[in-house]
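Visitor: Below, each chain spelled out in residue letters.
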Amino acid sequence: MNRIENVSRRGFLQGVVSTGAFVLGAQFVPEALCATPSEKVAAPFGPAGYPAGDPVGATAFHPNVFVGLEPDGTVVIVAHRSEMGTGSRTSLPRIVADEMEADWSRVRIVQAIGDAKYGGQDTDGSHSVRSFFDDMRQCGAAARVMLVQAAARQWNVPVTECEASPRPHVVVHRPTGRTIGYGELAATAARLPVPAKDSLQLKPRSEWRYIGQDAAIYDLEEICTGKAGYGMDAHLDGMLYASVEHPPVLGGRVDSLDDSEALKVPGVRQTAAIDPFKPPHAFQPLGGVAVIADNTWAAFQGRKKLKIRWNNGDNASFNSESYRKELEQTVRQPCKVAWNRGDVDAEFAKGGKTLEAGYYVPLLAHASMEPPVAVADYRDGRVEAWAPVQDPQSVQDTVGKVLGIPKENVICHVTLLGGAFGRKSKPDFVAEAAALSKKTGRPVKVVWTREDDIRFDYYHTVAATYMKATLGSNGMPTAWLQRSAFPPIGSTFELNNTYGSGGELGMGWTDTPFVIPNFRAENGPAVAHVRIGWLRSVANIYHAFAVQSFAAELAHAAGRDQLEYLLALIGPDRVIDKEDLGADYDNMGADYKDYPVDTARLSRVTQLAAEQAGWGKRRLGAGQGIGIAAHRSFVTYVATAVQVEMDKQGKVHIGRVDTAVDTGTVVSPDSVRNQMEGAAVFAASLTKYGEITATNGAINQGNFQDYPMCRINEAPREIHVHIVESDAPPAGVGEPAVPPFAPALCNAIFMATGKRVRELPLTRSGLA
Amino acid sequence: MIRLKVNGVARSFSGDPQMPLMWYLRDELGLTGTKFGCGVGLCGSCTVHQNGTAVRACMTPMSAVAGAQVVTIEGLGSGHAGGLHPVQKAWVAHNVPQCGYCQAGQIMQAAALLKSTPHPSDADIDQGMAGNICRCGTYQRIRAAIKAAAGEAV
Numbered sequence: 001m002n003r004i005e006n007v008s009r010r011g012f013l014q015g016v017v018s019t020g021a022f023v024l025g026a027q028f029v030p031e032a033l034c035a036t037p038s039e040k041v042a043a044p045f046g047p048a049g050y051p052a053g054d055p056v057g058a059t060a061f062h063p064n065v066f067v068g069l070e071p072d073g074t075v076v077i078v079a080h081r082s083e084m085g086t087g088s089r090t091s092l093p094r095i096v097a098d099e100m101e102a103d104w105s106r107v108r109i110v111q112a113i114g115d116a117k118y119g120g121q122d123t124d125g126s127h128s129v130r131s132f133f134d135d136m137r138q139c140g141a142a143a144r145v146m147l148v149q150a151a152a153r154q155w156n157v158p159v160t161e162c163e164a165s166p167r168p169h170v171v172v173h174r175p176t177g178r179t180i181g182y183g184e185l186a187a188t189a190a191r192l193p194v195p196a197k198d199s200l201q202l203k204p205r206s207e208w209r210y211i212g213q214d215a216a217i218y219d220l221e222e223i224c225t226g227k228a229g230y231g232m233d234a235h236l237d238g239m240l241y242a243s244v245e246h247p248p249v250l251g252g253r254v255d256s257l258d259d260s261e262a263l264k265v266p267g268v269r270q271t272a273a274i275d276p277f278k279p280p281h282a283f284q285p286l287g288g289v290a291v292i293a294d295n296t297w298a299a300f301q302g303r304k305k306l307k308i309r310w311n312n313g314d315n316a317s318f319n320s321e322s323y324r325k326e327l328e329q330t331v332r333q334p335c336k337v338a339w340n341r342g343d344v345d346a347e348f349a350k351g352g353k354t355l356e357a358g359y360y361v362p363l364l365a366h367a368s369m370e371p372p373v374a375v376a377d378y379r380d381g382r383v384e385a386w387a388p389v390q391d392p393q394s395v396q397d398t399v400g401k402v403l404g405i406p407k408e409n410v411i412c413h414v415t416l417l418g419g420a421f422g423r424k425s426k427p428d429f430v431a432e433a434a435a436l437s438k439k440t441g442r443p444v445k446v447v448w449t450r451e452d453d454i455r456f457d458y459y460h461t462v463a464a465t466y467m468k469a470t471l472g473s474n475g476m477p478t479a480w481l482q483r484s485a486f487p488p489i490g491s492t493f494e495l496n497n498t499y500g501s502g503g504e505l506g507m508g509w510t511d512t513p514f515v516i517p518n519f520r521a522e523n524g525p526a527v528a529h530v531r532i533g534w535l536r537s538v539a540n541i542y543h544a545f546a547v548q549s550f551a552a553e554l555a556h557a558a559g560r561d562q563l564e565y566l567l568a569l570i571g572p573d574r575v576i577d578k579e580d581l582g583a584d585y586d587n588m589g590a591d592y593k594d595y596p597v598d599t600a601r602l603s604r605v606t607q608l609a610a611e612q613a614g615w616g617k618r619r620l621g622a623g624q625g626i627g628i629a630a631h632r633s634f635v636t637y638v639a640t641a642v643q644v645e646m647d648k649q650g651k652v653h654i655g656r657v658d659t660a661v662d663t664g665t666v667v668s669p670d671s672v673r674n675q676m677e678g679a680a681v682f683a684a685s686l687t688k689y690g691e692i693t694a695t696n697g698a699i700n701q702g703n704f705q706d707y708p709m710c711r712i713n714e715a716p717r718e719i720h721v722h723i724v725e726s727d728a729p730p731a732g733v734g735e736p737a738v739p740p741f742a743p744a745l746c747n748a749i750f751m752a753t754g755k756r757v758r759e760l761p762l763t764r765s766g767l768a
Numbered sequence: 001m002i003r004l005k006v007n008g009v010a011r012s013f014s015g016d017p018q019m020p021l022m023w024y025l026r027d028e029l030g031l032t033g034t035k036f037g038c039g040v041g042l043c044g045s046c047t048v049h050q051n052g053t054a055v056r057a058c059m060t061p062m063s064a065v066a067g068a069q070v071v072t073i074e075g076l077g078s079g080h081a082g083g084l085h086p087v088q089k090a091w092v093a094h095n096v097p098q099c100g101y102c103q104a105g106q107i108m109q110a111a112a113l114l115k116s117t118p119h120p121s122d123a124d125i126d127q128g129m130a131g132n133i134c135r136c137g138t139y140q141r142i143r144a145a146i147k148a149a150a151g152e153a154v
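Those protein sequence lines, which keep their order, are chains R and G.
Under my numbering, think of the first position of the first sequence as 1, with each following residue one higher.
Under my numbering, think of the first position of the second sequence as 1, with each following residue one higher.
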């Protein structure tokens, strides 16, 4: 944070708070980047008389406003990150409220629109709390100090005699015991200067009021009563509904179109072409033909009547089965060295017990419960959009480019997100709505079907890995070689991009924290034939699957217990030098001195998960097994122990899961538990069932019957979450419990059956 | 003309009788608590009650609800203390939702389950709730909330 300003009398929250409110703005970016204020806009929810939603537009046009105080005592806090189910819309404001000594029940949260003045808003990478913890605290502390000063001024007593605690939302005059509510201080505080940042005294941890305490998510009751506003629920008067037939193959174009039957469907008004993208595709719409109608159903029905002949283009050569063989051949040959320590070749040449294994993880789809959807209204060179997006600023960029208007003319309101998992960082669907609104002159809602969602995703990439190690006399590896090949995320943004980036390779590949004297990580080229994107925990999925499975294979070869061997691989407690983690190691953007790789923390979660699971203490019957895996990602340490039982048909049933997590300081323990529980289910789905395949460039799956996910009877039966108490800085929560799950499950299956799973999903080997 | 009651309010519909109830509720009545998830009855996000029974609104044509009493998530709590059905109260108490998108369907399904099976076993819950997908993976809390609401729900 650069500085905090008192903006009470500058009208920045006009329309959101009253003129007498006390408002602090936190300046996160240089002023030059701040957008100019524009007028207030209407909110989108309301055909059935539901609350009109937060007047989001009004707030977000003003620079960096995070906290306001009404004369009636209501505290208004702006959420500038998107809420997709991880709870950040609740957690971040609670950090402010804690330092401010505000009464949480009197806090109102207002969702920000997309604007560069907020700094990066892309809600991914599990860093909302990590990146804004300190800023939120300082903002809350400044407000508290100013309210105390305001009370002293109103009472005409020394400020040293006044304090804000212990009762929330009041200032007390210690000598007399008299109190005054925050609301009554708003007008005075609004005229005070902001204290210097280095004069602010943050509350000691022992006095935290909300941080570390469980809390219901802010939107809980609205969600449970059907009133919460998702993108799917956005509505503008006079809007039309559109459904888009996309080219079945990436890069395909319409050869010929016959829409005569579609136009006969009652309620269908017109069809409209959407331009194909100009490579690289990035976030541009895929192109195709939209059917525009009076309601969603009519648009869907009309679409079924379209007769389109496609020119499928070069990617029609893509078949996922043969492509897999190419990838597997790539990693059997020397590849580009991503990171090297010692000399693995010399060690391999010495002979000794050597193991090799290849692992495979297919393409995966996000399949959030809410398919992509957006409402856009184009008028006079300006677009206003309502959408469930992780990155409203990328909506501004993308819509601006697609329509040829300045991005400042694109206003993006962020609704609640019905799941996202990385998909909704890519706003192609919002650009479709904007383009169609421009063509029709009416507000347009674009609704993707589930089939559209699964067939036209930005897929989690397919990856083949190859592992080789040689064991010394004590059974520990003296040399370890690992190679991967996967179409990289960079292929979405750059033509001919075929190698993993430092970011991808730093997700569990170059930073493998094992004690191995000779270690080499390599990466081979892979050409993308579908859109590649990021999915919850990204490259960690296939890296952890290979590394943690192979570690268990070595344990077995060495005749040792899997847990004991894993702890020996992690080795003595130490902080690893950043220079030993890869040349381009970016540590997810976290300062390495605050967030180093600390093997003590990795060992501790491993031991904790094992202990809680009763590792080695429980007698396992025939067909039962337990497995464990540990992985650091998003600067958080997670270990998961999974217990399984095989049924008579040889299918796996996941019983108890113990997940231990060290994510530093925790703002909301219940949110952490919820994310750990959810990650186990998400990862169980991808391990058991997750697979996207393609034939002649077109995706074979389309809905939950062929892209299944765990249902309540297929999910892990019990998930126990164990949070390590820590005063380290806060780290990531949403993603890091996904990567260790698949290898832990497969390690358990190995114990139960003696079968080593090297390819996902388990349906491929008849185990699910 | 199809006549029905939605959350106790008399309604009439004269459009395409094949239109699924879900789109009528969402696009025509603005009752957007009923969610579109898959369109083919595989995920349960659109679950509503038709004459007290849980149905998938995405697979229920308007022709099938002529004369029916339809209750959606917006009407579920009507007549209950605080405007919340015991299942909704249990969902709140267990902080069940993450993204929340599927939860209206989960709640409607759970309410119907408890009506027919007031004290469900784990196997009953598995069977009763297996048609509802939660991509965020809140099943453990859903199970706990159903057990908490058991016996109280009507």
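Source of the hints: derived by calculation from the structure; they are not laboratory data.
A couple of the hints might just be wrong.
Label-pair restraints from in silico Cβ distances [what the hints assert, rightly or not]:
id, chain 1, residue 1, chain 2, residue 2, range
1, G, Gly151, R, Arg10, 27 to 35 Å
2, G, Lys115, R, His653, 40 to 48 Å
3, R, Gly177, G, Gly151, 54 to 62 Å
4, G, Ser121, R, Asn340, 51 to 59 Å
5, R, Arg10, G, Thr117, 53 to 61 Å
Idealized CB from N, CA, C, for every residue including glycine.
Visitor: Next step is simple, just say for each hint if it's right about the structure.
Guide: Comparing the hints with the structure gives:
{"no.": "1", "hint": "G/Gly151 - R/Arg10: 27 to 35 Å", "in the structure": "violated, 56 Å"}
{"no.": "2", "hint": "G/Lys115 - R/His653: 40 to 48 Å", "in the structure": "violated, 29 Å"}
{"no.": "3", "hint": "R/Gly177 - G/Gly151: 54 to 62 Å", "in the structure": "violated, 48 Å"}
{"no.": "4", "hint": "G/Ser121 - R/Asn340: 51 to 59 Å", "in the structure": "holds, 57 Å"}
{"no.": "5", "hint": "R/Arg10 - G/Thr117: 53 to 61 Å", "in the structure": "holds, 60 Å"}
In summary, the numbered hints that this structure violates are 1, 2 and 3.
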